[in-house]
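Undergrad: Chains as they are written, first to last, in my numbering: chain A, 1 to 179; chain B, 1 to 247.
Be careful, since some hints might not be right.
Every beta carbon over 10 angstroms from chain A, so not counted as near; a handful from chain B, in silico [said to hold, decoys possible]:
{"hint": "1", "residue": "Gln5"}
{"hint": "2", "residue": "Ala22"}
{"hint": "3", "residue": "Glu26"}
{"hint": "4", "residue": "Arg30"}
{"hint": "5", "residue": "Ala32"}
{"hint": "6", "residue": "Ala33"}
{"hint": "7", "residue": "Leu47"}
{"hint": "8", "residue": "Glu58"}
{"hint": "9", "residue": "Ser135"}
{"hint": "10", "residue": "Ser136"}
{"hint": "11", "residue": "Lys148"}
{"hint": "12", "residue": "Thr159"}
{"hint": "13", "residue": "Trp215"}
{"hint": "14", "residue": "Thr221"}
{"hint": "15", "residue": "Ala239"}
Only some residues are given here: those of chain B computed to face chain A with a beta carbon under 10 angstroms [unchecked claim]:
{"hint": "16", "residue": "Leu9"}
{"hint": "17", "residue": "Ala13"}
{"hint": "18", "residue": "Ala39"}
{"hint": "19", "residue": "Gly49"}
{"hint": "20", "residue": "Pro56"}
{"hint": "21", "residue": "Leu64"}
{"hint": "22", "residue": "Ala69"}
{"hint": "23", "residue": "Lys142"}
{"hint": "24", "residue": "Pro143"}
{"hint": "25", "residue": "Val166"}
{"hint": "26", "residue": "Arg186"}
{"hint": "27", "residue": "His188"}
{"hint": "28", "residue": "Leu228"}
Derived by calculation from the structure, the hints in this document are not laboratory data.
All C-beta atoms, glycine included, are put in the ideal place defined by N, C-alpha and C.
The residues making up each chain are set out below.
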Amino acid sequence: MSRADNTRFANVVLPYLDDAYALARWVLGNRADAEDVVQDACLRALRGISGFSGANGRAWTLAIVRNAAYDWLRKNRPAAIVPVEDLEKVERVASRDNAAVAPAQDDPETALIARADELRLQAAIEGLPAVFRETLVLRDVQGLGYREIAEITGVPIGTVMSRLARARDRLIETLGAEQ
Amino acid sequence: MTPAQDDRLWLNAYIDGELDPAHALEFEQRLAADPALAAAHARIAALRGAIRERVPREQASPQLRRRVAALARPQPAPGWRALAASVAVAFVAGSALTYVVLGPGGQESGTPVAPLVVASHMRSLMASQPIDVASSDRHTVKPWFNGKLPESPRVVDLTTQGFPLVGGRIDVIGLTPAPTLVYRHRLHVISLTALPARLGVTPPHAIDGYNIVDWTEGGITYWAVSDLSAPELEDFARAFRAGEAEP
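Isolated chain A, as found in the complex (with noise of 0.2 angstroms):
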């Protein structure tokens, strides 16, 4: 690694940390393996700063985050994977038993979303699948927009917004459940 390379990764990455950490620990689910998988991912980002195009910094090192996690767990936790078309045969199910419960205009629903407090959500976050989590942390939590997250994530614009809308109805249905 040439000095120019060193100086090059610290300019770009390395201020993208903490977003690379909160993605990872999203994605992982704990701080050991997602350090683990950051100090992986930063040694990929390393190796390959001399192809960095200059763009956006925090998209590049959190797409190669991203995938250093689920190769991660591809060997580490195959289960947690979860196909994409398995996820779709899932949401229509719900989504129709959604319907069936038509929401009044002032719901006692919206209420108790509002209230929810820090351990229910973080674990209906926990509790979704990992694309439509990783789609909804990046919008909601880390704050970046769609075009950003299509980026990271490798997916057209209308994937995202879709994950991101299946995201929240999940997380709806989840917190505007009586506990």
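Given the coordinates of chain A, assemble chain B onto it according to the supplied hints.
TA: Quick look at chain B alone, frame taken from chain A:
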């Protein structure tokens, strides 16, 4: 009625500020005219507000920052020596004397051991390699020490327990050259330094984010230092103590 699939996407994009002004205006008019859509809007807004207020943004720990910064810094930066020294100084200033280093003549030099082994470990992580002899074979590592120190350390193969041997190096703790074995667990490096045993009160179990486990056997005190969690480092120490040494 739950809004149709397309409306849900529009609704989310509207809330996220991803619609251009013309579409946003159009959508606002629909929202005002459609109670079901307005109710769905209220729920998503409530969810977003709750997440923003109550789900903490995770931050990288100082240890992770150090590990990552070390990747891009194959040459030890001068700042790190100063930092390692300041750890030692801070510790001397802030605690009762515990284990102290003996000089060559057996006299106490007055410096506690724990911060010195931690400083050596930190220093090794800053170098391009944390080891002077790289080998996962204890039959290579042990003889390497033979030529350099009066006594070579016990070397135990812990690969099956999840702690592969990476190699060894010689640290100078105070004025005492000390054999140090380097093991790995996942991506964490463990330094295990062997020093002549002496009496003292219990040393600290962590310094500056590094955990420390020490034990004494056969006149030697072993110091294991790593950014592994304390229970995992205890596992390592247990495995090493139970392990079979080179015959």
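Undergrad: None of the hints should be skipped; say for each whether it holds.
TA: Outcome of the hint check:
no. : hint   : result
1   : Gln5   : violated (8 angstroms)
2   : Ala22  : holds (18 angstroms)
3   : Glu26  : holds (17 angstroms)
4   : Arg30  : holds (16 angstroms)
5   : Ala32  : holds (13 angstroms)
6   : Ala33  : holds (13 angstroms)
7   : Leu47  : violated (5 angstroms)
8   : Glu58  : violated (4 angstroms)
9   : Ser135 : holds (22 angstroms)
10  : Ser136 : holds (20 angstroms)
11  : Lys148 : holds (30 angstroms)
12  : Thr159 : holds (18 angstroms)
13  : Trp215 : holds (24 angstroms)
14  : Thr221 : holds (28 angstroms)
15  : Ala239 : holds (18 angstroms)
16  : Leu9   : holds (5 angstroms)
17  : Ala13  : holds (6 angstroms)
18  : Ala39  : holds (5 angstroms)
19  : Gly49  : holds (6 angstroms)
20  : Pro56  : holds (7 angstroms)
21  : Leu64  : holds (5 angstroms)
22  : Ala69  : holds (7 angstroms)
23  : Lys142 : violated (29 angstroms)
24  : Pro143 : violated (32 angstroms)
25  : Val166 : violated (16 angstroms)
26  : Arg186 : holds (5 angstroms)
27  : His188 : holds (8 angstroms)
28  : Leu228 : holds (8 angstroms)
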